[in-house]
Amino acid sequence: MKLIKNSAGRLVPNEVNGVPQTPFMGVGKYRPSGAQAAPPIRSCADYPPDGDKRIASLKAALEKCGLRDGMTISSHHHFRNGDLLMVPVFEAAAQLGVKELRWFPSAAFPCHEPLIEHMKKGTISWVEGSLNGPLGRFASYGGMNGMAVLRSHGGRWQAVQDGEVHIDIAVLAAPTADSFGNATGDRGPSACGLLGFGLADSLYADRSIVVTDNLVPFPCVPWQIMGQNIDYVVELDRIGDPQKIVSGTTRLTKSPDRLLIAELTARFVQAAGIMREGFSFQAGAGGTALAFAIYLKELMLKAGVKARFIRGGSTKYLVEMLEAGLTDYILDGQTFDLEGVRSMRENPGHINTSPFTSYNYHGKGNFAGMVDVVVLGATEVDVNFNANVATHSDGVLLHGIGGWQNCLFANCTILPIPAFRNRIPIIVDEVTTLCGPGELIDVIVTERGIAINPRREDLIAATKGSGLPIRPIEEIKAEVDALVGGPPDKPELSEEVVGVVKWVDGTVLDSIFRVNNN
Amino acid sequence: MSDAFVSGKPDGPRPSDCLVRYQPKPRGQLKIQVESKVDVLFGRSIKALTEQTLTELGITHGLLEIDDDGALPFVLQARIEAAIKKAYPDLEAASLPQIQSHARYPGSRQRFRRSRMYVPGAQPKLMLNVGLHQPDGVILDLEDSVAPAEKSSARLIVRNALRTLDFFGAEKMVRINQGARGMADLEAIIPQPVHLVLIPKVETAYQIRLVDEKIAEISAASGRHEPVYLMPIIESALGVLNALSIAQGSENNVALAIGLEDYTADLGVQRTSEGSESFFARSMLVNAARASGLQAMATVFSDVQDMEGLRAAALEAKALGFDGMGAIHPRQIAVINGAFTPTADEIEQAQRVVLAYDDAQAKGLGVVALGSKMIDPPVVKQAQHTVDLALATGILAEEWKREK
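Heads up: the protein sequence lines correspond to chains Y and R, in order. End of the first sequence = 518 in my numbering, gap-free, step of one. End of the second sequence = 1404 in my numbering, gap-free, step of one.
What the hints contain is simulated information worked out from the structure, not anything from laboratory work. Just to be clear, a hint being listed does not mean it is correct.
Heads up, simulated DSS-like pairs for lysine-lysine below, C-alpha to C-alpha not over 30 Å straight-line [as the list claims (entries may be wrong)]: (1) R:Lys-1125 - Y:Lys-254; (2) Y:Lys-464 - Y:Lys-297; (3) Y:Lys-316 - Y:Lys-244; (4) R:Lys-1318 - Y:Lys-254; (5) Y:Lys-316 - Y:Lys-297; (6) R:Lys-1009 - R:Lys-1086; (7) R:Lys-1401 - R:Lys-1318; (8) R:Lys-1031 - R:Lys-1151; (9) R:Lys-1125 - Y:Lys-490; (10) Y:Lys-364 - Y:Lys-29; (11) Y:Lys-64 - Y:Lys-99; (12) R:Lys-1047 - R:Lys-1009; (13) Y:Lys-254 - Y:Lys-316; (14) Y:Lys-464 - Y:Lys-302; (15) Y:Lys-306 - Y:Lys-364; (16) Y:Lys-464 - R:Lys-1401; (17) Y:Lys-254 - R:Lys-1151; (18) R:Lys-1047 - R:Lys-1086; (19) R:Lys-1373 - R:Lys-1363; (20) R:Lys-1381 - R:Lys-1401; (21) Y:Lys-254 - R:Lys-1009; (22) R:Lys-1031 - Y:Lys-490; (23) R:Lys-1047 - Y:Lys-490; (24) Y:Lys-99 - Y:Lys-120; (25) Y:Lys-302 - R:Lys-1318; (26) R:Lys-1318 - R:Lys-1373.
Here are a few chain Y residues that sit away from chain R, every Cβ distance over 10 Å (derived from the structure) [what the hints assert, rightly or not]: (27) Ala-60; (28) Asp-328; (29) Phe-356.
Now the stretches of chain Y that chain R is said to cover, found in silico as 3 or more residues with beta-carbon under 8 Å [to be verified]: (30) 257-266; (31) 391-403; (32) 422-429.
Just so you know, these numbers come straight off a predicted model, no measurement behind them. Positions of the beta carbon are idealized from the N, C-alpha and C atoms, including for glycine.
With the hints as extra help, turn the sequences into a complete structure.
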């Protein structure tokens, strides 16, 4: 393995976990070739004629799937920090004496901290997926026996579809399912809305297990996961904590500074002429993004403007807009609260999407690129508008990429972020980890002013004379640096690569270096 | 650690703040221990500033411990000085951050004071961005929002904030404590770039004179030439009855404010949302202020969630004759400013009156008429006030007369 400089000027390994890599070549430069991966051909002769695929326990199901050393087990993260399934799955694997597994979740959360023990014991070698919290920290300090591979939601689909990641066994948490394996997320005690993040797994894995705590008689309709793609069904008492499935992210911010940022963002969208009849937007579920949606709603009402579609993650705030007729559709990738789940069940205009329809870059287009304006977060931005969402300025990996990279392809990408957090400036000379190239990031909104990427002459012209505090990014940076007594020192990171950030096309955008433990 | 001197909140978290403990020793080495959440990024800077501060204070022995959660330099400096001065109350030396150019801008007696935002003096995190919410004034409070243990620290944090922070054009105000503590507050505050001092619980003009004299004395000693404006706060029955003499107690008075929590407590009545129990006091205050050429400032609205209630309260205060109101949360500022800013109709009407007056002046007419109606001089004065407010808040352009 050696490090090479990619077209973004970042040092990246030419090999990750034994697999040769293509360094990032620039946005839209890399072209894939060949055919997609495909699962093995199966026969009805090998499945129960009555369609009842139930197996008594997780352990038995894993055994039936032929679990052995070195395999890849995948899972989705629709339960977020309320997942009660994946720790028992790896406990069952450990009981079977299996070693060196790769866990391939769409994301890991603090609730998965117990899996660190399984990594130390060797049941799991490494995790490939968004790492939020303790697992990210563990990886940062070089704890895993393999590199963390951070992919966007679209990038995960691309990796599976392109055969870059082969899933041996998919474990699919299903809030409601039948014994045939049809499954849905929009009802049941662990309802999470939809199951789009598990869809690729069900289509491409060698074996797929549906696990549910709400078994219904066949047919489970409408199904989001098709029983025809499922090998086994396991019934457990509880697979998710409903409180945590929908909590956390949907709280509206109370911080006056963040509310100010959200308000400035909404005003910018209006001033730039983006908020017009039939437009579309996407805002995440962070406190500032939610507040943005509320301010935008007020401006839309005042101007008498309606959206054609809003892209979720949905929340009760978006549902209110749908039900008030302020948008024709919510195209939803995940639901963040119970109102979102209810609306998905009840509203014909609340549409269930997957990373394939929304985000996959190796396809014939996707929804994220068609959005007029997207509002996203970041941990750092540099003066060239490059942004970081994975690591903090001290180099520690704490967040996944989610749909963030995929959303950068919207017509206008806005990052509303505080200019500093607890003395740490957000605008830096060079991001610690590059997750999104500056050429795709158009506007930074801080409480101290709005910086427009000089490439977007159209936005600069449109917002001239708007009364908004539009300033050069360097000027905002200088003001904050002076305030915090900075610029801050750079962390001293080791030369050892503990993780990589993939771009949406599977090329390697940046490396995450081990944080020195001193 | 019982013999340690402390500045800071004893229990965390302390975002953008820190805890400093100093244990004096008569001899031996000076030991500094720093634990910081931002150590990787600012560890060197914290260490250097700590050493510089201790040198400036002339401290050469003892143990100094810092538990830091991202305090800005001016806060760190103030907390170190505060802990040291708890150990050595007579220490004259100070560790002053440099006055930033953005911290110094001229004040004005006549400026608009629609919203004045209270910020607790011991909570620096709330000071950093407060000016961005565009209040007409920022009050760094040393009085009721500061716990007794934090009083001396707050004084130094506020002093340093006045020297370093940008309040983006807001009038820089400090509410001092009562009595001797208030006098000590003035010693720290007056040499700094500050525009106005709020004096709490004023009951007689004598209290104003004491403050005024102290300010004159400190100004002379520190070479300060700009005036320090005063805003007495009336919070008792006696204060209300003495409102006129209080208003006229100093040439530096620019406004009278009323504090209704203490006032209703003084009367022994409940404070209600309709406020009939304080109607007399509010009206008295407005009249005393007007009679003395001062502005009248309404009290705060304490439910920070209820924006409609706030708007109603502000409009009621405006109807009673108040010029502005206190804010305790930045989101209240826009609502208050909106309520005390004239409406489009009011401005339109005022413009017509002012133009008619100009017209009458130009023609040498003694009587101003608008259509068939005669306009009295007080109406012209009121209209000019409305136009001024519209100009000051950017609703009207300076050259509006040319456009008409």
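Comparing the hints with the structure gives:
1. R:Lys-1125 - Y:Lys-254: Between Lys-1125 of chain R and Lys-254 of chain Y the Cα gap is close to 15 Å, so the pair holds against 30 Å.
2. Y:Lys-464 - Y:Lys-297: 23 Å, holds
3. Y:Lys-316 - Y:Lys-244: 16 Å, holds
4. R:Lys-1318 - Y:Lys-254: 28 Å, holds
5. Y:Lys-316 - Y:Lys-297: Since the Cα atoms of Lys-316 of chain Y and Lys-297 of chain Y sit roughly 13 Å apart, the hinted pair holds (cutoff 30 Å).
6. R:Lys-1009 - R:Lys-1086: OK: Lys-1009 of chain R and Lys-1086 of chain R at ~15 Å, within 30 Å.
7. R:Lys-1401 - R:Lys-1318: Cα-Cα ~27 Å, so holds.
8. R:Lys-1031 - R:Lys-1151: 26 Å, holds
9. R:Lys-1125 - Y:Lys-490: 24 Å, holds
10. Y:Lys-364 - Y:Lys-29: Satisfied, since the Cα-Cα distance of roughly 16 Å is no more than 30 Å.
11. Y:Lys-64 - Y:Lys-99: Holds, at about 17 Å.
12. R:Lys-1047 - R:Lys-1009: 21 Å, holds
13. Y:Lys-254 - Y:Lys-316: 17 Å, holds
14. Y:Lys-464 - Y:Lys-302: This hinted pair holds, its Cα atoms lying about 22 Å apart.
15. Y:Lys-306 - Y:Lys-364: 28 Å, holds
16. Y:Lys-464 - R:Lys-1401: 26 Å, holds
17. Y:Lys-254 - R:Lys-1151: 28 Å, holds
18. R:Lys-1047 - R:Lys-1086: Given that 30 Å is the threshold and the Cα spacing comes to 21 Å, the pair holds.
19. R:Lys-1373 - R:Lys-1363: Judged against 30 Å, a Cα distance of about 17 Å means the pair holds.
20. R:Lys-1381 - R:Lys-1401: 17 Å, holds
21. Y:Lys-254 - R:Lys-1009: 22 Å, holds
22. R:Lys-1031 - Y:Lys-490: Judged against 30 Å, a Cα distance of about 26 Å means the pair holds.
23. R:Lys-1047 - Y:Lys-490: 16 Å, holds
24. Y:Lys-99 - Y:Lys-120: 11 Å, holds
25. Y:Lys-302 - R:Lys-1318: 26 Å, holds
26. R:Lys-1318 - R:Lys-1373: 26 Å, holds
27. Ala-60: The claim holds: Ala-60 of chain Y sits with its nearest Cβ about 47 Å from chain R, beyond 10 Å.
28. Asp-328: The assertion about Asp-328 of chain Y holds, with a minimum of 30 Å to chain R.
29. Phe-356: 40 Å, holds
30. 257-266: Held - the segment 257-266 of chain Y has 3 residues with a Cβ nearer than 8 Å to chain R, which meets the minimum of three.
31. 391-403: holds (count 3)
32. 422-429: That given contact holds, which follows from 3 residues of the segment 422-429 of chain Y lying within Cβ reach (below 8 Å) of chain R.
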